[in-house]
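Chains as they are written, first to last, in this note's numbering: chain D, 1 to 161; chain U, 1 to 348.
There could be a bad hint or two in this list.
Cross-link-like lysine to aspartate or glutamate pairs, in silico, EDC-like; alpha carbons within 16 Å at most [to be verified]:
no.	chain 1	residue 1	chain 2	residue 2
1	U	Lys285	U	Asp204
2	U	Lys193	U	Asp131
3	U	Lys7	D	Glu123
4	U	Lys181	U	Asp143
5	U	Lys20	D	Glu33
6	D	Lys73	D	Glu104
7	U	Lys197	U	Glu325
8	U	Lys8	D	Glu123
9	U	Lys194	U	Glu228
10	U	Lys20	D	Asp16
11	U	Lys20	D	Glu9
12	U	Lys8	D	Glu104
13	U	Lys155	U	Asp127
14	D	Lys10	D	Asp42
15	U	Lys20	D	Glu12
16	U	Lys7	D	Glu104
17	D	Lys132	D	Glu33
18	U	Lys20	D	Asp42
19	U	Lys193	U	Asp275
20	U	Lys323	U	Asp275
21	U	Lys323	U	Glu286
22	U	Lys155	U	Asp204
23	U	Lys261	U	Glu293
24	U	Lys20	D	Asp38
25	D	Lys76	D	Asp38
26	U	Lys261	U	Glu320
27	D	Lys61	D	Glu129
28	U	Lys155	U	Asp124
29	D	Lys76	D	Glu33
30	U	Lys197	U	Glu11
Note that these hints are calculated values from the structure, not bench results.
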Amino acid sequence: MTRLQDIAEKVETAVDTYGNMLFRICLVMLGNERDAEDVVQDTMLKLLQKAPAFESPEHQKAWLIRTASNRCKDIKRFQFRHPQIGMTELQEYTANPEDSGILEALMGIPEKFRIVLILYHVEGYHTYEIGKMLGKSASAIKMRLQKGHKLLKEKYRKEFL
Amino acid sequence: MDHNPLKKSVESIAMPEAMKIRIIRQTISNASKSEKYRNTVSWQKPAITAAILLLCFFIAIPIGVTASETIYGLMYFVSPEIAQFFHPVQKSDIDNGIKMEVVSSYIHGDTAEIYITMQDLTGDRIDETIDLYDSYAILAPFDSSAHCERAGYDKNTKTATFFITIQNMNGRDLKSILGDKVTFTVRQFLSRKKEYKGVKIPYDFTSVSQAGITQQVSPTGGGGLAYEDKDVLTVLVPNEPYTGFPIEGVSLTGIGFIDGKLHIQTAVEDPLNNDNHGFMYLTDKEGNRQEGEASYYFITQNGDIRVDYQEEIFSVTPEELLKYELYGEFYVSGLMTNGKWSVTFPLE
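Sequences and hints are given; from them, build the entire structure.
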């Protein structure tokens, strides 16, 4: 196998395996599909260039999430130039648009709570693992989780129940 | 508040296929330009592979133009330097209304790279799910290992493109045998594959036997976190297929407890001609999913009829089981097409 074939195979495998997961995290964090696409692409490029030695697929997944979420934070710093996606557009990416009420509520709470809620409830990480990924203590993550639950509950009930 | 709707909703977000393709293309392109790879990659041969793979993925073939003409023409359009390395072959064979053509080949070092197309001239038997699986053969005048992958599909001409790599096992440069002939043969292929995800199996768990009738078999393989390599395995004796099973091509032949673990058995008849497969999982009312801890495969052969069984094992008690419903994910092939397509061409 040639080296470029090797690159192509690595990229395809990584995008097939982790593309959807990274895209939804980035889309929910950034609320902008173009930025989300850029971050997924940047993350894949870093994976290739840095070629870290991963102990397991879980280790690789956590590295990708950390890299992508850090890049998302960088982008958020100048996001006034990047308008957030509307719910109609967001629904285009979901398989069940009729279930998008909860997604809309999620997008209505601050980003720092969104990422914690996703990593905990969607990706199934423990609070200490999320803390490691986001550079926070486990107790800080627990607090964000509690606050995030409260905000999501309020938002969802207020608008959809 | 129940947060499972959150998981369901967020997990349903999927990257659009066009975006996925853009990301793959752009990442390969950027990685290739990066300092790290610029210093190490030999550019001639991989650039060809990448460019043509990209062509096959992204460019549709106009109606009325043969696939090989277009692919070869496009190589020149994208990069004449790249295209010059590939030699046009354009030798074809037609059987059963399907044309197989060896479009071009390129020899470098100990490797031969070949593009092949398959086009249905009379029907719709070739689609984007086409799979040659293990029905292709390469006869080469040297000890070789080969790999064949689908590189693209064009709806308009019903043409699938395959990229084949043949490597000399002893590592010797193939240039010493330039002009020698290679034969590529295909005898059948699968198409119209379908995926069924999140399929609910309407099975009443109150009727599950807590002491299933068992037999000893020799497993042919398996997987899962709790999988153990065993010479002999105790499995359920297959029953008549469950009539309420919703997927054609896969049968549910047993559910019961063995040594305190739930065994769920499925069967696929004549698997060598369909490649049907799948797996089951349990889901409770809150949406919590429990996967099998291990699965094992075994085979029965009755005359010409081969049946492949899969026994999935779940760590769940009879009481816990009543909280769950049975779901599955299945992959079935709708069509097997037979023929004899064979093209012999010189390595150039």
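To see whether the hints hold, each was checked on the structure:
Restraint check: the Cα-Cα separation between lysine 285 (chain U) and aspartate 204 (chain U) comes to about 15 Å, which is no more than 16 Å; the hinted pair holds. For the proposed pair lysine 193 (chain U) and aspartate 131 (chain U), the alpha carbon gap of about 9 Å is at most 16 Å, so the pair holds. With a CA separation close to 8 Å, the supplied pair lysine 7 (chain U) and glutamate 123 (chain D) stays within the 16 Å bound. The suggested pairing of lysine 181 (chain U) with aspartate 143 (chain U) holds, with an alpha-carbon distance near 13 Å, which does not exceed 16 Å.
The straight-line distance between the Cα atoms of lysine 20 (chain U) and glutamate 33 (chain D) is roughly 12 Å, inside the 16 Å bound, and the hint therefore holds. Annotation: proposed proximity of lysine 73 (chain D) to glutamate 104 (chain D) is violated, straight-line Cα distance about 21 Å (limit 16 Å). A hinted pair counts as satisfied when its Cα atoms are at most 16 Å apart, and lysine 197 (chain U) with glutamate 325 (chain U) qualifies at roughly 15 Å. Using a Cα cut-off of 16 Å, the hinted pair lysine 8 (chain U) and glutamate 123 (chain D) holds, with the two alpha carbons roughly 11 Å apart.
Only pairs whose Cα atoms come within 16 Å are accepted, and lysine 194 (chain U) paired with glutamate 228 (chain U) is rejected, the gap being roughly 31 Å. Proximity of lysine 20 (chain U) to aspartate 16 (chain D) is assessed by CA-CA distance (about 8 Å); at most 16 Å being required, the pair is judged to hold. For the given pair, lysine 20 (chain U) sits about 14 Å from glutamate 9 (chain D) by alpha-carbon distance, which is consistent with the 16 Å threshold. Only pairs whose Cα atoms come within 16 Å are accepted, and lysine 8 (chain U) paired with glutamate 104 (chain D) is accepted, the gap being roughly 13 Å.
For a cut-off of 16 Å, the pair hint linking lysine 155 (chain U) to aspartate 127 (chain U) stands: about 7 Å separates their Cα positions. A C-alpha spacing of about 15 Å is found between lysine 10 (chain D) and aspartate 42 (chain D), which places the hinted pair at or below 16 Å, so the restraint holds. The straight-line distance between the Cα atoms of lysine 20 (chain U) and glutamate 12 (chain D) is roughly 9 Å, inside the 16 Å bound, and the hint therefore holds. For the given pair, lysine 7 (chain U) sits about 13 Å from glutamate 104 (chain D) by alpha-carbon distance, which is consistent with the 16 Å threshold.
Among the hinted pairs, lysine 132 (chain D) with glutamate 33 (chain D) is inconsistent with the structure: their alpha-carbon atoms are about 26 Å apart, more than 16 Å. With a C-alpha separation of about 13 Å, the suggested pair lysine 20 (chain U) and aspartate 42 (chain D) falls inside the 16 Å cut-off, and the hint holds. For the suggested pair lysine 193 (chain U) and aspartate 275 (chain U), the alpha carbons sit about 9 Å apart, so the restraint of at most 16 Å is met. In summary, the hint linking lysine 323 (chain U) to aspartate 275 (chain U) is not supported, as the alpha carbons are separated by about 33 Å, beyond the 16 Å threshold.
With a C-alpha separation of about 10 Å, the suggested pairing of lysine 323 (chain U) with glutamate 286 (chain U) holds against the 16 Å cut-off. The straight-line distance between the Cα atoms of lysine 155 (chain U) and aspartate 204 (chain U) is roughly 43 Å, outside the 16 Å bound, and the hint therefore fails. Between lysine 261 (chain U) and glutamate 293 (chain U) the alpha-carbon distance is near 10 Å, which keeps this suggested pair within the 16 Å criterion. For the given pair, lysine 20 (chain U) sits about 11 Å from aspartate 38 (chain D) by alpha-carbon distance, which is consistent with the 16 Å threshold.
Under the criterion of a C-alpha separation no larger than 16 Å, the hint pairing lysine 76 (chain D) with aspartate 38 (chain D) is consistent with the structure, at around 13 Å. Between lysine 261 (chain U) and glutamate 320 (chain U), the direct Cα distance comes to roughly 11 Å. Compliance with the 16 Å bound is thereby established for this hinted pair. For a cut-off of 16 Å, the pair hint linking lysine 61 (chain D) to glutamate 129 (chain D) stands: about 12 Å separates their Cα positions. For the proposed pair lysine 155 (chain U) and aspartate 124 (chain U), the alpha carbon gap of about 10 Å is at most 16 Å, so the pair holds.
The hinted pair formed by lysine 76 (chain D) and glutamate 33 (chain D) meets the criterion: a straight-line CA distance of about 13 Å does not exceed 16 Å. A hinted pair counts as satisfied when its Cα atoms are at most 16 Å apart, and lysine 197 (chain U) with glutamate 11 (chain U) qualifies at roughly 14 Å.
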